[in-house]
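Top line first, the protein sequences correspond to chains A and B. Position in the first sequence (first residue = 1) + 1 = our numbering. Position in the second sequence (first residue = 1) + 6 = our numbering.
Possibly wrong hints are sitting among the right ones.
[Stated by the list, open to error] Calculated pairs, BS3-like style, for lysine-lysine (alpha carbon to alpha carbon, straight line, at most 25 angstroms): (1) A:Lys72 with A:Lys84; (2) B:Lys7 with A:Lys58; (3) A:Lys72 with A:Lys10; (4) A:Lys15 with A:Lys71; (5) B:Lys48 with A:Lys10; (6) A:Lys15 with A:Lys72.
[To be verified] What follows is a list of derived Cβ distance ranges for each label pair: (7) A:Glu70 with B:Gln87: 41 to 51 angstroms; (8) B:Gly22 with A:Thr21: 46 to 56 angstroms; (9) A:Val53 with B:Ala35: 46 to 56 angstroms.
[To be verified] Okay, the calculated bits of chain B under chain A, using three or more residues with CB under 8 angstroms as the criterion: (10) 34-41; (11) 48-58.
Because the hints were derived from the structure by calculation, they are not lab data. Keep in mind that this is a model prediction, so the values were computed, not measured. Note that beta-carbon positions come from the ideal geometry of N, C-alpha and C, so glycine has one too.
Here's the letter readout for the chains.
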Amino acid sequence: DGGITQSPKYLFRKEGQNVTLSCEQNLNHDAMYWYRQDPGQGLRLIYYSQIVNDFQKGDIAEGYSVSREKKESFPLTVTSAQKNPTAFYLCASSDPYHEQYFGPGTRLTVT
Amino acid sequence: KQEVTQIPAALSVPEGENLVLNCSFTDSAIYNLQWFRQDPGKGLTSLLLIQSSQREQTSGRLNASLDKSSGRSTLYIAASQPGDSATYLCAVAGGTSYGKLTFGQGTILTVHP
């Protein structure tokens, strides 16, 4: 089955801790994206990557970091510098300028 | 900066009705527009993709239209069913943004039996 997997589904962390969210795709897509979804605010782009070993900041990159060492993987680290990390995080992939496919999401709660 | 607005924010209809969801965007220099469905607590499911050169796309009971010059798209759902209840999101990809999507805030649809 081709698709995008995100793990874990739910994640709980204490304030001040870094946490890494996993995203893997087997669709052979070049581009991958991370979005954040908050209630009533729609989805906002955090980071995106067009090819391996390259990535760009999106609209709300502060407090986040990413890596793209393999085509299939695009992990997102939420650092302690992110002021309001509690949110629903969604990963997506696509071929350039084509339909984006989304994973099931990770719900992060920081207390 | 591209802004996407969806109207109405919420819609409740009886089963069997035909309905229209609206999406507007401020910058007409888009590459494509995508409609998604999201069930509570889940990821997004792509429904339809319209390239900027196209006027409409159809999939089953769904039909999406695009008027790029006026910055508008509509999603038409025919013969609605309770299983159509979900949040519907519209997103546009700008012409020079390598497919980065700007999302509207969504329309919450409830179809009651």
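Against the structure, the hints:
1. Taking the CA atoms of A:Lys72 and A:Lys84, the gap is near 30 angstroms; set against the 25 angstroms cutoff, the hint is violated.
2. Using a Cα cut-off of 25 angstroms, the hinted pair B:Lys7 and A:Lys58 holds, with the two alpha carbons roughly 16 angstroms apart.
3. With a C-alpha separation of about 22 angstroms, the suggested pair A:Lys72 and A:Lys10 falls inside the 25 angstroms cut-off, and the hint holds.
4. Taking the CA atoms of A:Lys15 and A:Lys71, the gap is about 29 angstroms. The hint is violated against a cut of 25 angstroms.
5. Restraint check for B:Lys48 and A:Lys10: satisfied, since their Cα atoms lie roughly 10 angstroms apart, inside the 25 angstroms limit.
6. Our distance criterion of 25 angstroms between C-alpha atoms is broken by A:Lys15 and A:Lys72, whose separation comes to about 31 angstroms.
7. A:Glu70 and B:Gln87 have their C-beta atoms about 44 angstroms apart, which keeps the hinted 41 to 51 angstroms range intact.
8. Roughly 47 angstroms separates the CB atoms of B:Gly22 and A:Thr21, a value that falls within the hinted 46 to 56 angstroms.
9. Roughly 29 angstroms separates the CB atoms of A:Val53 and B:Ala35, a value that falls outside the hinted 46 to 56 angstroms.
10. With 3 residues bearing a CB less than 8 angstroms from a CB of chain A, the region 34-41 of chain B meets the requirement of three and the coverage assertion stands.
11. Counting residues of the region 48-58 of chain B whose beta carbon lies closer than 8 angstroms to any beta carbon of chain A gives 6, which meets the minimum of three for the stated coverage.
Going down the numbered hints, you'll see the structure goes against 1, 4, 6, 9, while the others check out.
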